[in-house]
Structures are given as structure tokens and as C-alpha cells.
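Protein chains: 2
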Amino acid sequence: MLKLNPHYAELKDSYLFRRIAEKTRLWQEAHPGEKLLRMGIGDVSQPLCSAVIEALHAAVEDQASMERFHGYLPENGLPEFREAVAAHYGTRGVRIEAEEVFVSSGASDELGDILDLFAPESPALIMEPAYPAYVDATVIAGRRILRLPARREEDFAPLPPEGEAPGLIYLCSPNNPTGAVFSREKLRAWVDYASAAGAVILFDAAYEAFIEEPELPRSIFEIEGARRCAIEICSLSKTAGFTGTRLGYTVIPKELERGGSSLHAMWIRNRTTKTNGVSYLLQKAGIAVFSPEGQTQTKACIGIYKQNARTLMSALEGTGLWYCGGKNAPYLWVSCPEGVGSWAFFDRLLNDLHIVATPGEGFGESGEGYIRFSTFGNPGDTEEAAGRLAKYLG
Amino acid sequence: MLKLNPHYAELKDSYLFRRIAEKTRLWQEAHPGEKLLRMGIGDVSQPLCSAVIEALHAAVEDQASMERFHGYLPENGLPEFREAVAAHYGTRGVRIEAEEVFVSSGASDELGDILDLFAPESPALIMEPAYPAYVDATVIAGRRILRLPARREEDFAPLPPEGEAPGLIYLCSPNNPTGAVFSREKLRAWVDYASAAGAVILFDAAYEAFIEEPELPRSIFEIEGARRCAIEICSLSKTAGFTGTRLGYTVIPKELERGGSSLHAMWIRNRTTKTNGVSYLLQKAGIAVFSPEGQTQTKACIGIYKQNARTLMSALEGTGLWYCGGKNAPYLWVSCPEGVGSWAFFDRLLNDLHIVATPGEGFGESGEGYIRFSTFGNPGDTEEAAGRLAKYLG
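Heads up: the sequence lines are chains A and B, in that order.
Going by our numbering, the residue at position 323 of the first sequence is 365; the numbering climbs one at a time, nothing skipped.
Going by our numbering, the residue at position 390 of the second sequence is 432; the numbering climbs one at a time, nothing skipped.
Think of the hints as simulated: they come from the structure by calculation, not from any bench.
Possibly wrong hints are sitting among the right ones.
Which copy is meant is left open, so a pair is good if it fits within one copy or across any two.
[Unchecked claim] List of simulated lysine-lysine pairs, BS3-like, C-alpha gap at most 25 Å:
hint, residue 1, residue 2
1, K54, K341
2, K341, K45
3, K348, K54
4, K65, K45
5, K433, K228
6, K65, K54
7, K45, K296
8, K341, K369
9, K54, K296
10, K369, K348
11, K65, K77
12, K348, K433
13, K369, K433
Just chain A, with the same shape it has in the complex (with noise of 0.2 Å):
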């Protein structure tokens, strides 16, 4: 008799994005025609950019094409792709070799993929509020978990605690879902401790391009020491806009070794056993969001949704709810009018605002009392809901 994984088991029950889907399907259902400001999931909500647009219709000629046509890739990406994405670290300082670079579809996927590299027996530290993906996939792998509560006190920055070491260490920086930074010192202090524990990070750096302030970090890898145990995983979907198209990568360096292992060998060894590589049209949009007219590009659509977040602070500003995030970061992270729990002020704003927003307590308990806005939404519902916030709160 096959036995099935227990772990699904142990999951919580559902979801957090789709209780919030289903919340809003009844909400639309009881009140047809009206409509709803989503700022919810960060999904984006902008197009790709021309560079991409073309660069996507050629590679659907290539494809069309007897002389140009595609079959397999390699499995850990085209050459032409690892170029870009080494020489765009290049261009903040970094160095990384091309051959460190591994194409993705997304950093979801990848998070989700990578744990296969590690046995379940070492405990994963999870800073909370968090990515509700990074404490479910731990579930799924048996892996126990060591929560680290992120408070306020610390700009929900928190640095390494005392007691049990991990195996593994998540950090995503900028923050989903507070938006908080780590600064280059604080980082530090998470390599060193990792290096001392013989720990490896997973850097989430979905959200880098967000950042504005040139002093914070926007790879792991501006730290000395991180190349000999971070893994940073990245994705194009909140840089470029790839949400719905899907495509990332993760730098695995080759100094990153454990007990003898390479896990840069060991990836290779992952990703042609278990993949047959990503998408050739993907991954010559991925080339052309690193052209220089794709960098003017991403960038220009950054800035609309760096407004956004504009507009929401000022609507916030007088409020009196206290708030961080949205300067480095797409969310901006309120704290709900006292005594209110996220859940319930939640439906208050679904009800009295017709606004989605994502409940703190969703990301983790230590979540509870606060309420996540994503600032990828379009302008005009953007402003339109900031209106309708500061008039309410206000």
C-alpha cells in the first residue's frame, strides 16, 4: 500500500489568498455591478513593456521559423540569460559568474522546488508576518519550524535570536508583507550567524527594484561572506511585470558548500533530472528586460507604482494609523484602529470601502492588528481608494 506524504495533513487549512478570493466572490456576488478596489494580492497591473513585447514576438518568429526554431535549452538556462542577469549585478558591484545563475519560473516555484537540495531534519527559522508559501513548503518537508516574531520595536527587522540554530533561514528583503529593509548592517548579522550555525539563507529578493535609498541592500551578495551560505531567488514578476507571464532566477555561488556537497552541483543535478528548462520565449523576454530599453522601461513602470504608494502615505498620513513600508517596498503595512482585529477590519473596508486589502494575521500571528495595501493596483483605483480611506479614517 502506497503511503502518501503525511505532511499535507498537518497544513493549515486553507490558504490565505484564496479565503480572501472567496471572501470577495460572495461580497461581489450579494452586490453585482459595483466595483471593487483591489489592493489585495500584489498582483501588478500594468502591461509589459514595449522591449518585452517585441522582444516576445520575435522569439514567437523564431519559433515559427524551420532555421530558427528552438528545441530543448539547457536546463539551467541559455547562456544569452545568465549573461544578462550576471551582468546586471555587475552593474551595482556585484560579481557573479554567469554559470551561478539558474533561470526560474518564478521565485513561488523555485522556493517551492529548491527544499529538495536539504534533508528534513534541520529546522527552518521563518520571520513572521510571513510569506504564508515559506511556512507551508516547511510543512510539506517535515521540516519543523523556529518563528521569529518581527515587531514593530525593530522596524520588523529583527535580528538574529538566541536558542535552537536553524538549517535554514528565510529572509525576504524588502519584506512581504510589512515592507521593511534590512539595513547592510543588519544583514550582516544574519550572514554571520548563518555562517557561524553552518546555516544556509534563502534570500527572497522579489521585491529589489523597489528599493530607493542607494545605502540598503538589494542583494545578499553586497555582503561579505553571503556567497558562502546565501541562496538569493529572484523573479521579473513584480520587476517587469512577468506576474502572469512567469519568470525568475536564483544565484546559487559557487563557494556554497555544506559537509563536502556543492549545491551549485548539486542544482545542476536537480534541474536536468527533474526539468527540461523554461520557456525559450520567456526567457528572451527575461534578456530584453535587462536591454537598456528595458530598463528604462521596468523602471518607468516602477514609478507608477511607487506613486501609488505616494498616494496611499499621504492618505494615511492623517489618519493617525500608524504605518511602514511603501518608500522601498510596494506594501505598505497599517496598523488596524485600536481594538480591531485584521480579519475584522478586513470586511470593515470590504464592506464600508468596497477596498481589499490583505489581513495582517494571514501572515503569521504575529500579524495580528495590522493590514497589508499593495500598491500595484492602477492609478485611478489607487487614488480613488486612498479618497475613500483618508474619509473614513480620517
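Got chain A; can you put chain B on it based on the hints?
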């Protein structure tokens, strides 16, 4: 200290196709300018059909448009894609609900991911010669392998064995590498065997579109009882030339349960946790494959590969070498000349005829003494290879 997955260290040294690529590269370097006829890896040579190309261009335009832009998609697949696949099964009399269809990035990717549903304790039965990734993914999962040698006497399509019952059963029909196809009676014996043992069959149907004889099953769900013991994993790689474009689908029936848990429900949870779905562009391409034009065009393309198979079969007829496959599968499985090992025959074909084939031993010990020819090359190369083989072996 982090513990790595110890099973990577148990993998055999080199993945078959990488070894072939390396030998081929060395030959090419030593013979610059000389043309190699590549019939090794099963990679397609014909471009995507026009229905797919049109759908891709239109989907790219959607991603350029403010009104039609698509962000995150349902993780399990676009409803339109799932319905198209279910309807396609319907045309062959197999009733599948759209909700039982899950989009994937291809069969190889899915075969890696889906093992997450199963605890490592139960052994997996693998028929050999086998697609090497079955073995490697099973080793990585720390699962014991029960090897079932497939022999010429039983047309490389063996019946279930006596002895220890497996938990998982890999079946591939039409088979890679042998081209063998299970008859309805044999497949029924496997379904009955799995049902009695409480095992789950992973049915790899990547080559189903190559079956010519109408009495042969193209889906395991043509067999009574399979909905309670099988998962079918399909791909558009060979059906529609998507090896470099990447798209597939998996069917998990709602009746499939073990120990009170629904594998269908578990896979929904897996996908919503560990992925953010498959690219909008690729799913629109997939929908086009199942349109009337797409079906006509992809069948015409398969006709080209089938003509390649006939060309090679004619050439082999005169050589006295035994072979199978080619009729209902895109591979020919050819006995090496008396006393010649499969890597030795590989080297001889490479050095003397400048033909790249795949040594049978690479698919497991019981593949020794055979070599595999792919029929996915372009017709001109295939005719040239057939001519050289006939002359050299005749």
C-alpha cells in the same frame, strides 16, 4: 549545521544525455565543419504550427494591452485550457472533468514535482530500459527501486511481476526508449495489479499522439478502474513540438484516494503553495493546439516524423538487425550487431557514419545490446542517415 539531502550522493555519475552531448561535442571539435546527423535526444526539428504561432502573437498582444493584460492566473490552469484538454479526451471517448486536468510545464517537470505527494518509504517499480529521470528522481527522493527488466520475448511490454508490491509504478506507453505500447489487456493487468496492491500508477503518456493502431489505448483512463489508481502525465513536447516552448498537463481523477486522502485535493494544495501557475502565453498556445486547426496542423507535423520512422525502418529491413518501435512510437529500438555493446555501437555510428544515436545501456542494464534512434530529426537528415546505415550495416 544544515543537513543536505543525502540521496544526491547516491546518483550515478553522469546523466545519459549530458554524456552523449559531451562525446558529441568532442567529436565535433575534432572534426570542425563536418555535419553530424543527430538522432540521439528525442528533440523535435519542425517549427510550431501556424495556429499556435497566431495564438502566441495574440497572447503577447494581450500582455501589451491595459485592458487585456493578465497577471496571476489560477495555479491549476486557465479554465479554458483545462476544458480544452478535457474535451480532447472526450473526442476519444474518455470522460475527464476539466477540474481533473492540471496545467504543467511539461512531463519531465511534473514527474519531478509530483513525487512530493508520496512518502519515501514505499518502493517504486520501474520497468527498464527506462527514461533515466524516473530512476534519478526516485533516488533523490530516497525511495527504493524495484526494477522490472522488460525483455524482447514479451515485446518490451511486460506483465506485472510476482514478489514485493510497489507503492508507485512508473509506466510509459508508448515507451521511451523501446517504442513498445501496452495492449488493452496488458494495461488492464497493470491496473488490476495496482488496485490490488493499493499502489498508484504514474502513467507517462507523452508519446500517445504517435499511436496509429486504434485498438491500442492512448490513455490509461480507457481502462476500467484506472480512475482509482492512476495519474496520467502528458506533454505537448512531442505532440505539438513544444520541447523548447514547454507545456504539459496532468490528469488526477477525483476518485483517486489513499488512506482517506484525495490526491486530487493534495495536488491542488501543492500547486497553490509551490507555484504561481504557468505562463498565460503558453496556456494560450496550448489551447490553440486543441483547436480544430491546431489538431490538423499538429497531426500533419507528426506525419513528417512518421515518414522519418518509415524511412529508417526500410533501411533497417535490409541489415538483418532486429528492431521494434517506429510504428506507434517515435523511437526505433534496434539490436546492436552480434557481440557489440551499446556504447561501442554508439561510438562506431558516431565515428564511422557521423550519426548520433542513444546507447541502450543508458536506459538501464537491460538496455545493453540495443541502441535507440529518434525519428524527430528533419527529413533530409533522416534520409541521409538511413542511406548510410543501410550501406554500412547491410
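How the hints compare with the structure:
1. Taking CA atoms no more than 25 Å apart as the test, K54 paired with K341 passes in neither setting, with 38 Å inside one copy and 46 Å between copies.
2. In the homo-oligomer, the alpha carbons of K341 and K45 never lie at most 25 Å apart, since the shortest distance is 49 Å inside one protomer and 40 Å across protomers.
3. In this homomeric assembly, K348 and K54 never come within 25 Å of each other (Cα to Cα): the closest approach is 34 Å inside a single copy and 51 Å across copies.
4. In this homomeric assembly, K65 and K45 never come within 25 Å of each other (Cα to Cα): the closest approach is 35 Å inside a single copy and 41 Å across copies.
5. For the identical chains of this complex, K433 and K228 are neighbours neither inside a copy (38 Å) nor across copies (71 Å), given an alpha-carbon limit of 25 Å.
6. In this assembly of identical chains, K65 and K54 lie within 25 Å of each other by CA distance solely inside one copy; the values are 18 Å within and 50 Å between copies.
7. Only between protomers do K45 and K296 lie at most 25 Å apart by alpha-carbon distance; the minimum there is 18 Å, versus 37 Å within a single protomer.
8. Within a single copy, K341 and K369 get their C-alpha atoms as close as 15 Å, which meets the 25 Å cut-off; across copies the closest is 54 Å, which misses it.
9. Within a single copy, K54 and K296 get their C-alpha atoms only as close as 37 Å, which misses the 25 Å cut-off; across copies the closest is 21 Å, which meets it.
10. Taking the closest pair of Cα atoms, K369 and K348 come within 25 Å of each other only inside a single copy of the chain (8 Å); across copies the shortest separation is 60 Å, beyond that limit.
11. Taking the shortest alpha-carbon separations for K65 and K77, only the intra-copy value of 15 Å comes in at or below 25 Å, while the best inter-copy value is 62 Å.
12. Taking identical chains as interchangeable, the C-alpha atoms of K348 and K433 lie at most 25 Å apart only when both belong to the same chain, with a minimum of 22 Å there against 70 Å between chains.
13. Proximity of K369 to K433 under the C-alpha cut-off of 25 Å is restricted to the intra-copy arrangement: shortest distance 23 Å within a copy versus 73 Å between copies.
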